[in-house]
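Novice: Chains as they are written, first to last, in the numbering used here: chain C, 1 to 192; chain W, 1 to 183.
Treat each hint with caution, since some may be false.
[Said to hold, decoys possible] Some, not all, of what chain C presents toward chain W, calculated at C-beta under 10 Å:
1) T40
2) L51
3) T53
4) S55
5) G109
Worth flagging that the hints you see were computed from the coordinates, not collected in a lab.
As the structure is a prediction and not an experimental result, all values here were calculated from the model.
For each residue, glycine too, the CB sits at the ideal point set by N, CA and C.
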Amino acid sequence: MTVTLRRARAAVAVLVVAVLAAAGTRLAADTTARTSAAWTDDVHATTTVSLGTWSPQIGTCTAVKAATLEPVANRPCEVVDVWGFQVQDSRPVGSRWAQIKVDIDSPGGYVKDLAFLVEVDLSTPGDAPADWQYAGGWFSGSTLKPLASARCADLPVARMLLPEWTVNPGTFVEIDLREAGAVGGQPASCSR
Amino acid sequence: MSDTPPRDQRRAAWHPRWRVVVPAVLGGGVLVGFGAAATSAAWTDDAYGVAEASAALVDLRGSSDGAAWSPADTAGTAVRLAAVTGLTPDKPVQRTVHLWNASSVPLALTWASTNPTTLLDGCVAVTYSPLPPAELAGSPSSATAAAVTSATVTFSVPAGANAAACSGRSLGAVDVVVQGGTS
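Isolated chain W, as found in the complex (with noise of 0.2 Å):
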């Protein structure tokens, strides 16, 4: 039995038989333990009792363009964005990327906590865009409008930053992470 479930798909199994019949005797702990025991064991592969499990499918896409859509999982396989160069105070760039939810359920999406907000020592500021508040609907096959949505990153230089100091540099590469995830 894994402990870690498999990336992208997941059993469901919500009414294990056995959990019936765990004598009422035995007190609410020992209910409540087991219960969650049996949801936990239900999203895993090689769980018990998944006799009347339904699939369930979480998975997130990117997308430069809103067309070619990647899992993007990891860094080494991230959307790539158009760069960001010839940045000045005056002259804020955004990127945005499009996101499908290719999951058979709802999604809420978040920025991840570690995404940088600023760069190069200050001299460039980054903002995100909100990401929307209901979750996302899910569907696997295509990616239909309900399931699409796009977040924004803003690249900046802050105003009053150091001229000297900062114009010319430059910075390889820039990770910013959109987490979907399960209520």
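The following block holds chain C by itself, in its conformation from the complex (with noise of 0.2 Å):
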């Protein structure tokens, strides 16, 4: 009689354990997620957005030093306008030259020394043939500084360095293209 007591007492205790511990464990997994929860609070900011309007870039402009192509500071510079593509001679596809025409813009007057680094898309104004190859090509301009940076397997991306006058009003640059079959012309200002 007292074994089975013993016996039932411990069943019972080992019973009690075991709810003890579930409910234990169940408080904790609830209440964690819980906790964490209430100790944040969170501010709120709203504004409205709206753009401008502009148009389609078709490059960029950055006032330099000629010298060490370090950026001029509070010198804005826009390229104004790239036109005027125009296939020069009736060779095939892929030997044909032509030219093109970049206008910048930057107010100021003048400073010493200063140059123009311009990069442009010559394939953004839509001027140029549909059939133009721009792999292999080149550019090149007889105004145009010399820039090591200026890559011709970039193309129809063109990056040149252009002088202080080119800004004065009515002024342009006038850019040779070349296929890649193309011969003769100036040297290229990027290098091939």
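Got two chains here, separate frames each, mind docking them using the hints?
Specialist: Okay, structure coming up:
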């Protein structure tokens, strides 16, 4: 009889432990999430957004010091236009040459040793023949200053260094553009 | 007993007396379970074991100018930042929200993961300044320098965004959230 009672008590004790353990674990799981959620506070901020209007970007222009290409602070510059893509001969596709014009503007007057680093996508204006082949081609310009970072492989994007006077009113820069098979012309203004 | 603690004030009871009398024989699982339960109960208004409670306050406030503060707990009561207008590719616009930890405890600040990173079909990119890596000290009574910081949201038009598709578009309301949380 005593043994039976002891066994019954032991069984009850085990049962109680099991129930309490389960309850405790459940509470822990339940309240962990609740606690972490409780200890936050948000701040909302709101505004409205409206876009201005702009034209498709045809290039970038940066005023720089000619010798070092260091940007000149507070001297704005923009590519005003790229136009007049005109094929100059009747050679076959892949060996033609053409001319294209670039106009930039930079208000601020004359500054010694100023130059303008210009990057334009020559295909953007839409004047080029649909079959113009940029791969393997090159560009040149008698007014362009030497620029080591100008790579012919980047065409139709042309990177150029323009002298200070090219921002004068009514002035534009004329670029010769050649396909890979073209012959003659000025030395390339980009590294091939 | 409420499941959800009140927003700004919760009581702490670190040593409910009954906890220490739980028989050791009950085992680790039971002790862990009740320990967590006691902690949980401590942060609710009508919980048990609050005799040794100390007050705790969690309250992050916002401002557009660093002077006029509001709880700004919802989009409807949000801090109103100046409108972003005339956004173009070459002119990103920044807006600053000032933050005051008016809590009695330090708070770690994070941008909500739901904050937008693009708007208007990609015509606008939204970026967020880093928030202080260290917890922001609390100061319930006043916006002291140690309890205040600021965060910046930058709106920009990505390079190469389609001018025809993006020019002139607008969006009525952009809601961004900074979260303050205890560690």
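Novice: Using 10 Å as the Cβ threshold, decide whether C/L51 counts as touching chain W.
Specialist: holds (5 Å)
Novice: Once the shortest beta carbon distance from C/T53 to chain W is found, is it less than 10 Å?
Specialist: holds (4 Å)
Novice: Let me know if the C-beta of C/S55 comes in closer than 10 Å to any C-beta of chain W, holds or violated.
Specialist: holds (6 Å)
Novice: Quick check on C/T40 please, does its C-beta sit within 10 Å of some C-beta on chain W?
Specialist: holds (4 Å)
Novice: May I ask you to test the interface hint for C/G109 with respect to chain W, counting a Cβ-Cβ separation under 10 Å as satisfied?
Specialist: violated (22 Å)
The structure does not agree with numbered hint 5 stated previously, though it agrees with all others.
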